[in-house]
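Number of protein chains: 4
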Amino acid sequence: MSTRQPTRDDKFTFGLWTVGWQARDPFGDATRPALDPVESVHRLAELGAYGVTFHDDDLIPFGSDDAAREQHIKRFRAALEETGMVVPMATTNLFTHPVFKEGGLTNNDRDIRRYALRKVMRNMDLAAELGAHTYVLWGGREGAEVDTAKDLKAALDRYREGIDTLAQYSIDRGYGLRFALEPKPNEPRGDIFLPTIGHALGFISTLEHADMVGLNPEVGHEQMSNLNFTHGIAQALWQGKLFHIDLNGQHGPKFDQDLVFGHGDLLSAFATVDLLENGFPSGGPTYDGPRHFDYKPLRTEDIDGVWASAAANMRTYLLLKERAQAFRADPEVQEALTAARVAELARPTLGDGESYEDLLADRSAFEDFDAEVAGARGGGAVRLSQLAVEHLLGAR
Amino acid sequence: MSTRQPTRDDKFTFGLWTVGWQARDPFGDATRPALDPVESVHRLAELGAYGVTFHDDDLIPFGSDDAAREQHIKRFRAALEETGMVVPMATTNLFTHPVFKEGGLTNNDRDIRRYALRKVMRNMDLAAELGAHTYVLWGGREGAEVDTAKDLKAALDRYREGIDTLAQYSIDRGYGLRFALEPKPNEPRGDIFLPTIGHALGFISTLEHADMVGLNPEVGHEQMSNLNFTHGIAQALWQGKLFHIDLNGQHGPKFDQDLVFGHGDLLSAFATVDLLENGFPSGGPTYDGPRHFDYKPLRTEDIDGVWASAAANMRTYLLLKERAQAFRADPEVQEALTAARVAELARPTLGDGESYEDLLADRSAFEDFDAEVAGARGGGAVRLSQLAVEHLLGAR
Amino acid sequence: MSTRQPTRDDKFTFGLWTVGWQARDPFGDATRPALDPVESVHRLAELGAYGVTFHDDDLIPFGSDDAAREQHIKRFRAALEETGMVVPMATTNLFTHPVFKEGGLTNNDRDIRRYALRKVMRNMDLAAELGAHTYVLWGGREGAEVDTAKDLKAALDRYREGIDTLAQYSIDRGYGLRFALEPKPNEPRGDIFLPTIGHALGFISTLEHADMVGLNPEVGHEQMSNLNFTHGIAQALWQGKLFHIDLNGQHGPKFDQDLVFGHGDLLSAFATVDLLENGFPSGGPTYDGPRHFDYKPLRTEDIDGVWASAAANMRTYLLLKERAQAFRADPEVQEALTAARVAELARPTLGDGESYEDLLADRSAFEDFDAEVAGARGGGAVRLSQLAVEHLLGAR
Amino acid sequence: MSTRQPTRDDKFTFGLWTVGWQARDPFGDATRPALDPVESVHRLAELGAYGVTFHDDDLIPFGSDDAAREQHIKRFRAALEETGMVVPMATTNLFTHPVFKEGGLTNNDRDIRRYALRKVMRNMDLAAELGAHTYVLWGGREGAEVDTAKDLKAALDRYREGIDTLAQYSIDRGYGLRFALEPKPNEPRGDIFLPTIGHALGFISTLEHADMVGLNPEVGHEQMSNLNFTHGIAQALWQGKLFHIDLNGQHGPKFDQDLVFGHGDLLSAFATVDLLENGFPSGGPTYDGPRHFDYKPLRTEDIDGVWASAAANMRTYLLLKERAQAFRADPEVQEALTAARVAELARPTLGDGESYEDLLADRSAFEDFDAEVAGARGGGAVRLSQLAVEHLLGAR
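Protein sequence lines correspond, in order, to chains A, B, C and D.
So for the first sequence, my numbering puts the first residue at 1; every next one is plus one.
So for the second sequence, my numbering puts the first residue at 1; every next one is plus one.
So for the third sequence, my numbering puts the first residue at 1; every next one is plus one.
So for the fourth sequence, my numbering puts the first residue at 1; every next one is plus one.
Accuracy of the hints is not assured; some may be wrong.
[As the list claims (entries may be wrong)] Label pairs and their calculated CB-CB ranges:
| hint | chain 1 | residue 1 | chain 2 | residue 2 | range |
| --- | --- | --- | --- | --- | --- |
| 1 | B | G240 | A | Q168 | 20 to 26 angstroms |
| 2 | B | D330 | D | I303 | 22 to 28 angstroms |
| 3 | D | R347 | A | A376 | 49 to 55 angstroms |
[As the list claims (entries may be wrong)] DSS-like mimics (lysine-lysine), calculated; alpha carbons at most 25 angstroms apart, straight line:
| hint | chain 1 | residue 1 | chain 2 | residue 2 |
| --- | --- | --- | --- | --- |
| 4 | D | K321 | D | K11 |
| 5 | D | K321 | B | K321 |
| 6 | C | K11 | C | K321 |
| 7 | C | K321 | A | K321 |
| 8 | A | K321 | A | K11 |
| 9 | B | K11 | B | K321 |
[Claimed, not checked] Some chain C residues well away from chain D (every beta-carbon gap over 12 angstroms; in silico):
| hint | residue |
| --- | --- |
| 10 | R8 |
| 11 | D9 |
| 12 | A23 |
| 13 | H42 |
| 14 | G48 |
| 15 | L80 |
| 16 | E82 |
| 17 | E102 |
| 18 | A128 |
| 19 | L130 |
| 20 | D302 |
| 21 | A311 |
| 22 | A395 |
Keep in mind that the hints were calculated from the coordinates and are not lab data.
The beta carbon of each residue, even a glycine, is placed where N, CA and C say it ideally should be.
So here's chain A without its partners, still in its complex pose (with noise of 0.2 angstroms):
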């Protein structure tokens, strides 16, 4: 079917480090050799991708002097002219040398936060001279093991401070950056600040920029808590705070697992993907932004699984959009939608005007109200949620 062929309209991207993993792991070595970027950019080009993102360290290995910086750059620049590829977001890498083993912006020694925010600053030049629109932040390492070794208060007063200065960066340069938090509750850090979407949209609301900052959610960052994820973005969308969203796949509460999005929680992913292309059954927010792929292809594949893997986390996204897409227009599932008073729950509790005096005085609403035969009403969820298991398994 055509709408299984993924082109530039839906907006698919992934991240250079995704294809590009070479598979080590904490018990083993790499399985596969180093991309190209420049490959990679082709490859995803031709599968239908829309885009790439990417940490600076994926671009200009860490280290890199000016030249070969540059040299980097224009390759890889080549490849999204060549390929019609684009940059909406960037990120930068504050996880992987030594130097980060404490923290980013949080970490204890001052000379380590300044470095890591002239890291970030240097990205973000790139960033928006290759036409991003999104900064993400994963504070990976920006957390502790031991809960008396660090000074929580000190720790969230930095971290406001290291994002107060690079929304204040991107406002003076006239970079229209948009900043994108991707909460994470632990791993490689026994304990991640910010651990999920709720601790973000928190932490968000104290910024002096809170209006540049948003989210980045990631499936399975959520489901390692064994959060729901659909309910944790429909927060963020309610909030005016999903910028961006990492799509991938886990098996609840262990190690980050990466999977191809929809090789986890299948029925999550159902209902993640109508939420981001059916939206609210009553309307509002809604997400216009790139569907991103942030997975690991397995450790078990060669390069053929690489790209096999890549192709998987579009299809399986077009699949489901289309299962969604019939649920919603199916009349049974409306009916049973009405049956269910779903619509109701969008009419305020208190009427046009009014007050809570009101209400008080209205003797329906208490004093007569019969409570026996109210909790009687029957939900109507049973069906809902089979009419959507069928809907998923293309049974309708």
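Dock chains B, C and D against chain A, hints included.
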């Protein structure tokens, strides 16, 4: 030791529903008879508690008529007067009766939402009358099992509408109540809205009276998502939102155990008490409210076990307080904190008056920074971890 | 499609306690009235089920006198005869009454252990009389909350003694029953003995009548420990111990959800049905027993939702069966399995008649083996994963 | 206190790979230089350790030629002789090199399985030569990410074949080695075969030389599935299968943390040491082998932190031993155990010579048994729990 004997100054409080839990669980009938709230007040006072808290239905059985209601309140008030116990917090039961099976403030049925608001307002009247300063909202039934069967945006809209309305009611009535949201990830619903401290912090930032709304985090609820409780309350404190606290014990992601405080993750409990009693290393916001135990005496226990468990909560807290004070006072701990540069994190990353332009001009921050040397510094966390363990064990 | 309509040949069975669950949960009262077992038998038969199963107390309320008991049995038997429904399995309730709060077969109190044995034996009499072949033992209360408050060796001794005694009883009475242990990690106890399929397999190997004792694994119980259910039943099958199975749904490590089968981890459900229906790729032991649903209709639902959920279990199973059969029959899947060398694993590592001495002498196995070349081979798993997802989605 | 100073009699052992871990993790490069095994032997001996253990590749880098191999072994042997350190256990690295990416003994590729067997046999020769009695098998790569891409029966067949072959090899060579399987649920594979203590116990019961094969359970590995480690080793002990033990720390279901022993769930560590040092309350099988630490010094630490963490493991163990001995010796604990009828569980449920027919004839066991009265007895667990906590805190 005298410090291990609870006094009113320790501000230990208990929910009537804790010692009063009859031990009905999903697979078993009650193992203990009902407990008269008046007896609970007396026994808890004798054990050294400072106050009690309640859900409306703990004190006044659901469906009581006005005469019975007054009688229950009168007896309770007399018990408070006889014992000197206070009621610093109250809350509403929006979860036991079948009418709330699909939610209270976010129920799809508008009449149930209205009924829920009325039920809360009625108990706010009583809470204020009894001198409570904090009103807790645990939305145990606000959630869903089926992602595609709920309008997640509308749910958050209604949640906000409900809390905005209640806040206005408190203001207008001059009740002086502050609201404390109690997050929980799941149980009894498959997924509960505002599942963690973070999600609630994010949500609060959108409220009309955000200043009146904070958190009542519970140890076990965060640990059900395997999140670090001390990190969570640290962020709440940092955002000025730790309005109340629920102390208990839990063994990781499983059903809500509500064990005695310290009888779950003891090392984490130590860090929590250290933060509550000693504050952040660099100072800043502290918590001065009740130490509230929200636990359940094991179902295997009879009434003697109930009172033993109530005492155990307080005694364990006081022991941990002793240990935490000794930890902070230990010169070797101070020395280890210095070696780990913990205090350096409280120093801003940019100097006084320094702009990012100054940082960009500082070659020592980047161009001349030796990442290898900085990356080789030892973090000093293992020493602090062992010092904490040894203090906790009373071995120093 | 006709294959999606359940028939007796599908061997779908339900516990009386599933559709009959009144939806009392740890935080809420019952939302549904009691259901007459006779009605359940009729309704399930109409929906296409093959049989029902029961705990003694589901059929005969605890404490019934002999006359009442006979009357309950008589009515139930009549319903079975009228509908042609069978009772392939029965089990004992050793968890609801307070007497079992500290355990049944492993209770510290010897008189309670004796009572528990008698209660099981009494229901074995009925089970045999009703034609059951399998007797399930779920030790929901066999466990502990406090590690140092239980003699763990004695507990296992008593557990073994109990099951040895019951096995002998079945033999001597000529009941022909096989016992199926149902593992669960926790809930209602903090930790339950024999928490997983594995622990039960280990325990069984120590029994006097080990051949008569196998397993009744439940999807959700394994997933509460985030274990792979399909891997678990594969090991049970391999050890000849998959005597019965409990199908339902769960969303990872949290309270026991007992969702409709497939309404939790759908991809895992697909793999489970594939194994149950199609067996191992290389043949070997298969499961031919009832497909037993042990689930709970959502508490939000009324009685219509109860029957809708019962039907949903069967329909989802049949859809997954269709998808799994198509998966295995797809030539591209066969080709991908070959590319992944899946069948090669069925070939012994040592050749026919080859000893380890021969292996030691085979230089190609070690001295001349090129680990680099072998390590570069692609595993082919991502392609199989995507083929499974696409078959599951009905997209091939 | 002198008992807190480790001596050889404490039988503390360390893997060379623990202190030698260079702190490369999935998101970061090594933060510490390589450590010479000879230095590790000397330093650990100075700290009070009794022995060391190793994977073949820890001692002899993968791919070393015979001359280099002999040189490595010679230096190591000299260090052992100089220090008096022993090698009670050894194991094989079947996980680092890419050749094992899809498994060792259960790799789909038969030539890799053969190579894996040879690699194990070769190191068994060395283990025996160095005096080891236990040979550990951690099948870290024996597993899968895709359920339908692996023949699970064939995998278990091959696993059995491999271990049967190795057992025969040990017998024939007169090595006197016993094998200890080390279960782990996941990481590095998505799901590892034999994921828990239980699954390994079940598997062992099918082996040709089942008597030679037991377990090497690791604290953190069981806790990654949120299982109770003390319960797990209790069952292994009860089945005569606790051949070796890996002590470390973990914070629940997340990546494998390998923290210092006691720096995770401290209350559980107390129960574990209580069982190892004091045995079951009613006696029975005990563990007399090495107390082996399989942990990783935090990545934030330098070499001083490495040795501090090694010492911390031993000191924490000794402190817990002190606490556990005091707990058992406390008359109040003895009294509380009696009140909780803990010892009664060691008494058989059937009397001496009593048959189930006698039990059936005993009206006091059922007909005249008063379940209400028996159900009202208090369990006494909360008191024991608090006594354990207070002993652990050194507060009694």
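Hints, one by one, checked against the model:
no.: 1; hint: G240/B / Q168/A: 20 to 26 angstroms; in the structure: holds, 24 angstroms
no.: 2; hint: D330/B / I303/D: 22 to 28 angstroms; in the structure: holds, 25 angstroms
no.: 3; hint: R347/D / A376/A: 49 to 55 angstroms; in the structure: holds, 51 angstroms
no.: 4; hint: K321/D / K11/D; in the structure: holds, 13 angstroms
no.: 5; hint: K321/D / K321/B; in the structure: holds, 24 angstroms
no.: 6; hint: K11/C / K321/C; in the structure: holds, 13 angstroms
no.: 7; hint: K321/C / K321/A; in the structure: holds, 24 angstroms
no.: 8; hint: K321/A / K11/A; in the structure: holds, 13 angstroms
no.: 9; hint: K11/B / K321/B; in the structure: holds, 13 angstroms
no.: 10; hint: R8; in the structure: holds, 29 angstroms
no.: 11; hint: D9; in the structure: holds, 25 angstroms
no.: 12; hint: A23; in the structure: holds, 24 angstroms
no.: 13; hint: H42; in the structure: holds, 32 angstroms
no.: 14; hint: G48; in the structure: holds, 27 angstroms
no.: 15; hint: L80; in the structure: holds, 27 angstroms
no.: 16; hint: E82; in the structure: holds, 33 angstroms
no.: 17; hint: E102; in the structure: violated, 5 angstroms
no.: 18; hint: A128; in the structure: holds, 15 angstroms
no.: 19; hint: L130; in the structure: holds, 20 angstroms
no.: 20; hint: D302; in the structure: holds, 33 angstroms
no.: 21; hint: A311; in the structure: holds, 27 angstroms
no.: 22; hint: A395; in the structure: holds, 16 angstroms
Hint compliance for this structure: hint 17 is the single one not met.
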